[in-house]
Amino acid sequence: MRPMHEGIVERLAAEAIRRGADLLDVEYQDGYEHVVAAKGGVGHSIATFRSSSPEAVTLREELHRIAKSKHRITVDGSQYELRGSVYESFGEDAFRVQLRHV
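Anchor point for the sequence shown: position 4 equals 3 in numbering that gives the first Met the number 0, and the numbering is continuous, going up by one each time.
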């Protein structure tokens, strides 16, 4: 497990953790990547990226890397493990990242 440098997923995960979420979902819809922070089946949108933007391309690359290898981040002095998975949603890759306190 290697540490991840400050990236888009790390910033989104930190925001989600601070909001009390334990999960990030990223799905494509109508030309945008929608990022939802969730806990207990209840989610709130925390970001939207145009799918063709450089940020969305980087976001997807980071999510694919996390799906292959767990990452750890530090948020407000506490360690969290990011565990990613990729699944298909209406013919597009969608991503789920579990945010686990360690």
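Please note that the accuracy of each hint is not assured.
Stated by the list, open to error - Distance windows between CB atoms, simulated:
hint	residue 1	residue 2	range
1	P53	H100	15 to 25 Å
2	E54	Q97	18 to 28 Å
3	H43	E91	13 to 23 Å
Bear in mind the hints are in silico, worked out from the structure with no lab data behind them.
A virtual CB, placed ideally from N, CA and C, is assigned to each residue, including glycine.
Are E54 and Q97 spaced within 18 to 28 Å by their CB atoms? holds, 23 Å
CB-CB spacing for E91 and H43 relative to the 13 to 23 Å hint: Since H43 and E91 have Cβ atoms about 22 Å apart, the given range 13 to 23 Å holds.
Is it true that P53 and H100 lie within 15 to 25 Å of each other by Cβ? violated, 31 Å
Hint compliance for this structure: hint 1 is the single one not met.
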